[in-house]
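My request is simple: use the sequences and hints to build the entire structure.
The chain contents come next:
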Amino acid sequence: MGEKLNVPAHATVVDLDRDGDLDIVVAILGDVLPSDKLVGKVVLLANEDGEFNQQVLLEDVRRVADVQPGDFDQDGDVDLAVAVFGYSRGEVLWLENRGDLATGLRFRDHQLLVRPGAIHVPVGDLDGDGDLDIAAVISQFEEELWAFENIGAGEFRSRRLYFSHNFDVGGAGLVMCDLDQDGDLDLLLPQGDNLEDEQYWPQPYHGCMWFENRGDWTFHGRSIGQHGGTYAAAPGDLDGDGDQDVVLVSMVNDWSNPSHPSAVWLENNGQQQFNSWLLDTTPIQLVTVACGDLNGDGRADIVAGCLHLFPPHDLDRVARVAAWMSN
Amino acid sequence: MLRLHKILLVIMVLEAIELAVLGYSRVNQPKLPHVNYGMVDPLTAEDIKRAERQLDAGNAQHWSELADVYRLFGYYPQAEYCYAQVDLLAPTSEDHLYFWAICCERMGSLTEANQLYDRAISINSDYLLFCWLHIGMNYLRLEEIESAEKALRRARRIPEAKMLLSRLLIRTGRANQALPLLDELSQQFPDAHDVDLMKSYAASEQGDRRVARRLQELALRHANTIPTGSGPESIAWIDADGAVQSHLDHYGWRRRLAEARTLDRDGQTDEAIRIVEEVLESRWSPTGVVLLADLYRRSDRPQTAVELLDDAVKRVGATPQILERLADAHAVAGQAKDALDLWETAAQWQPTPELHRKLAQMYAQAGDVSLAKRHRGLQEFRSGVDALQRNRLDEGHLALDQAVAMVPDHVSAWFYLAETCRFLDRQGQAEHAYRKCLELNPDHGRALRGLGYLSAN
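Those protein sequence lines, which keep their order, are chains D and V.
Read in order, the letters of the first sequence are residues -3 to 323 in the numbering used here.
Read in order, the letters of the second sequence are residues 28 to 484 in the numbering used here.
None of these hints come from the bench; they were simulated from the model.
Keep in mind that the hints are not guaranteed to be accurate.
DSS-like, lysine-lysine: derived pairs with alpha carbons at most 27 Å apart [to be verified]: (1) 463/V / 400/V; (2) 76/V / 33/D; (3) 400/V / 0/D; (4) 341/V / 33/D; (5) 58/V / 0/D; (6) 33/D / 58/V; (7) 400/V / 364/V; (8) 58/V / 33/V; (9) 58/V / 76/V; (10) 0/D / 364/V; (11) 33/D / 0/D.
Here you go:
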């Protein structure tokens, strides 16, 4: 679908050109290694009768880690939120869709935040006022959680929701979900990236934080599970009891020990108290995870993706994509 | 008993004693912890095993050296065990406490690590300041802010400590106390963008958005950072010539590749090729492939280089670096079209002045004057952006001026020319260039903002 895309980091499906079929918007990192070069892009793979034509929507920026759609200015078309991770310099942008049927797609970039290390920019109505807000996790040296409150007419108010004094905590992603099912959107923050060390190791502060939305832009954060090298989290009702459990996967860990878990799941007792259970020890070096009902049994299944940058390269412990089906 | 018999008997008794002593020491020699050699390549594993064989269990220095090897390759429990042996044999040794603490720290045993740093401090270790730095860092990891601040203040002669202290002060509402520290860092490291950014955070905390923005813009034009990871435990460092050096280069496949580079420099390219081929057999890596391809190409074997790099693309996918090498090899082999296609792709992915220079030259040779001129313009554009990002504004201005003359439809060339002029305080030229940029792309947000800054000034 998308040949000659250099290090795509994230793909999002959306009908961006409003022609009734689904397109794909891709965040192009441009370099998998740390770099401040202007190699990032946002690329649209426009669906034209099943053929996907590439169109560059944003370029001449540092490494782009995520792009998410939403009609932020409520003018009926789809805008984009963009996480420009960069390396030691980066930013969070939103791209205002200013195109029409005559001119085609055109986007104007607006800067929301100057920070290196933006990983994910999930979109949702965080304050329940009917418009879409943007959240962002800032990693690297900063370790912050930001929200950009949509105050209308394409204007946003920046709000820092959280920071950690632990410069090394390794924020690794951000998931927007209603974990406690109280009708508002909460945030899940997996922490455990320590790729900056030559020789990485799981740390006691790695795991997942849940930021409970208590209204009026108050988010109460607490750890819901510890897991060395946590790189991604995904909510889902894994045991079919009606509440939201959470899966955590690990990228950096003590892989010299084959019994170390690469994935765990956190069982929700319905009161947002979580027990951690081993899901698997292989494949190792998992960087992304999602939950969904793949086999139609009404319970969430799990799919995870790997990134094998480092040893061990034992063939029985590596994979590209792995799935765990409910039974 | 004959004299000869007596001598033989004495020799036998002596040998028996020696065997007994050897046997006793073997039995009592601390057993090395298990090592999973699968975590490193076979060549590195051989070097580690050699270090293990050379261990004299009664020699503290030997334990320390073996510990260092384990630590380098992330075998922290094994390294910790060896440092503990040093501690038994030579408890007043200074170095082992620091490195032992580093191992504990890396394994997340932060309290134990700090206890070891405290011990090192108590004997006035050579690494005193770094001990305080790490204690401060560990307290930050533990979110124990007061203790972190105390330790970082004691380590503040180290730039990294000063930066962490500034971060802590800004985040605890004391930006005014952080700014003098950051000013000291700016004086010491005038082109460090991490200092600019931290100062911009301080300005934001103080509500000074204009200063914050100016510092953010400055950060984009400063290419360096303060030195971090500069402690004695650092695996890699930058030497006086600006080259990256690594302790890892003394082991395994890296050592062999370093040997090959030396041989090549000494004119023994065939031997260098033999070594790199051997290394790749044992441990395939893009680094080795790129080196071998360069050696093949310079040895009039461009087709072999092409095959090697084609194989690399099949194995790990294309990267701009591999594509450029592959194109270079095609060019030397006289396959101009393949070279052009690959350079074009590499230039789309990770454009450099050098890539555009090669493309311009190739198009000129092919008689395509228009494309040759375009790539010369793009070469100037990339050189101009590179200069701007190093705050060499006059040099950048010159290159970007030439770029827009050769590729007047290039939006980004006009934008960066405008930015350069604004930073040079050439308001009229800046406005002209912004407007040219916006003529080509009316939705260029950065150009609109730049124009707004001009008006505000």
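Verification of the hints:
| no. | hint | in the structure |
| --- | --- | --- |
| 1 | 463/V / 400/V | 20 Å, holds |
| 2 | 76/V / 33/D | 40 Å, violated |
| 3 | 400/V / 0/D | 25 Å, holds |
| 4 | 341/V / 33/D | 26 Å, holds |
| 5 | 58/V / 0/D | 53 Å, violated |
| 6 | 33/D / 58/V | 49 Å, violated |
| 7 | 400/V / 364/V | 18 Å, holds |
| 8 | 58/V / 33/V | 39 Å, violated |
| 9 | 58/V / 76/V | 14 Å, holds |
| 10 | 0/D / 364/V | 18 Å, holds |
| 11 | 33/D / 0/D | 18 Å, holds |
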